[in-house]
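Take these sequences, add in the hints, and give me the full structure.
Chains as they are written, first to last, in the numbering used here: chain A, 1 to 309; chain C, 310 to 618.
Careful: at least some of the hints might be erroneous.
Covered stretches of chain A (in silico footprint by chain C; criterion: 3 or more residues with CB under 8 Å from a CB of chain C, positions within the stretch not fixed) [said to hold, decoys possible]:
id : region
1  : 144–156
2  : 167–177
3  : 240–252
4  : 268–277
Rather than coming from a laboratory, the hints here were simulated on the basis of the structure.
Idealized CB from N, CA, C, for every residue including glycine.
Here's the letter readout for the chains.
Protein chains: 2
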Amino acid sequence: MSEFSIGVDLGGTNLRTAVIDSNGQMLDKLAGTTDLTEGPERVVDDIVHGIETLRDKYSTHRMTGVGIGVPGFIRMAEGYIVGSHNLPVLNHYPIRDAIEKRLETPVILENDANAAALGEKWIGAGRDVDDLVLLTLGTGIGGGIVYKGRVMHGAVGMAGELGHITVVPNGNPCGCGNRGCLEKHASATAIESMANLMALGENLTSKQVHDLALAGEERAIRIFQSMGEALGIGIATLVNTFNFPLYLMSGGALAAWDFFYPTLEAEVRARSFTYRNAETRIGKALLGSEAGLFGAAYLPFQAQSVTRS
Amino acid sequence: MSEFSIGVDLGGTNLRTAVIDSNGQMLDKLAGTTDLTEGPERVVDDIVHGIETLRDKYSTHRMTGVGIGVPGFIRMAEGYIVGSHNLPVLNHYPIRDAIEKRLETPVILENDANAAALGEKWIGAGRDVDDLVLLTLGTGIGGGIVYKGRVMHGAVGMAGELGHITVVPNGNPCGCGNRGCLEKHASATAIESMANLMALGENLTSKQVHDLALAGEERAIRIFQSMGEALGIGIATLVNTFNFPLYLMSGGALAAWDFFYPTLEAEVRARSFTYRNAETRIGKALLGSEAGLFGAAYLPFQAQSVTRS
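See below:
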């Protein structure tokens, strides 16, 4: 290993920090929890402590930089997040600059789904393409767009908020102000809501709904078909918009792939001339929950290669 | 003028050819009609004849190249179009290579809405930005995406088919195989269909529906509100996807702007956190029906600057 960078995945619950070399090998990882009870300074303390611990351990090698994936809408220029429901104490807090100052190292802040998309492009399911879209299927749905090998940010860094594209114009209300957002019709939360609406059981988790589907329960099967329909409408719009070669999904919901994918694929096929006429793959991401760590760690390497070229 | 290029706009009805210099000045223009009755060779003949006429006239200057905007899904590598309803005789015909061979000059083929988007970026309403989306509102709806100053093509050239994004999942059927395509709910054709459905008159044109709205006819006003709602749903999805600073519309329907824009803007505001939190302009294109000529002519200049840099 000649050099390494540090990838951080800061979630509402978990804080993970990894040492990753320029070939995409993960050499070390710290897994902790995010403590939001004492304000943003405490979160910064914990992040800095993890990075310093690993930097000291690998001090015989050059550290290229630090990348941090966070949930929420990113303002790239300012280096903070807005509208994050998972990390409310960090909204508008200058987290990037605070960490840079403590570490005396450049820090790159990135939306977590963008980081995961970049990780998949670097060493995951998107290794062989330059352009891809990733949807992260969790309690919400995040999106990341990689074009010509780089994350698309848009004007301020909010591009790729694909969980909030409208798939049902008069559909379920969303905290973002919209109705019928993709994530209100295809996330784990949406599955659980549908299970409640169909009186399938008492406050079932999405995993329990999946177990019922596996056991042959028709209503549970229909719930995943409905999820597939919503994803299919959304992905067809993405295919018609981007004509990218690859659309990936990640997250715990992949376990139910066989229940939702046939409906999803049929929707995309019906709704996209481009899908039917240009080679287009829709598939599973490969890196699981570590995609964001890899993508975050890749950011400093990518920034360095731009500076050098 | 040191050098010029030729922009061609090949439509189902009109064939226009223009001489445009590297500063974006249109020096000359030929306006003719597209003759589809004698097969693709006749179309090529007519295009080549127009270009040769202008090239000879300006033979004391250097011709950088030729750009041609055409309706339909483009396959960039092969240099032909597929799925064009306006130019069925040209589907799968190697039009680019046929013209290149005749002219002995490099020819760049581009989707007409992509060309119009690039024209607006070059010398139109998008001069001050690098990233924009254009929707061309006509009998159908075309789309063009410009990112970092260049047209986004996707894997084979079909990116930006924004008239076919779904805005009403179970909406009106479309020739593309989808239901509820934006262009089936917000084009001139859609306005005319709605007028029929509402028994507003005998086979009214969209202009006549506009005249009725101007006269205070409530049903006509509601038709444009419905159009605005569909456009708003679509544009909100684009804002959430791209976070670009600018979304433009062009076409005859701009005359009815005051009837559809308030509903459109209200939809985007409600449906996009990004719109409410990042500076985003939605406005009218400036170049009218000449945007595609300018964009087509810009393509050879842009290709040249890449080669040189």
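Hint check results:
no., hint, verdict
1, 144–156, "holds (count 7)"
2, 167–177, "holds (count 5)"
3, 240–252, "holds (count 6)"
4, 268–277, "holds (count 7)"
In this structure, none of the earlier numbered hints is contradicted; all agree with it.
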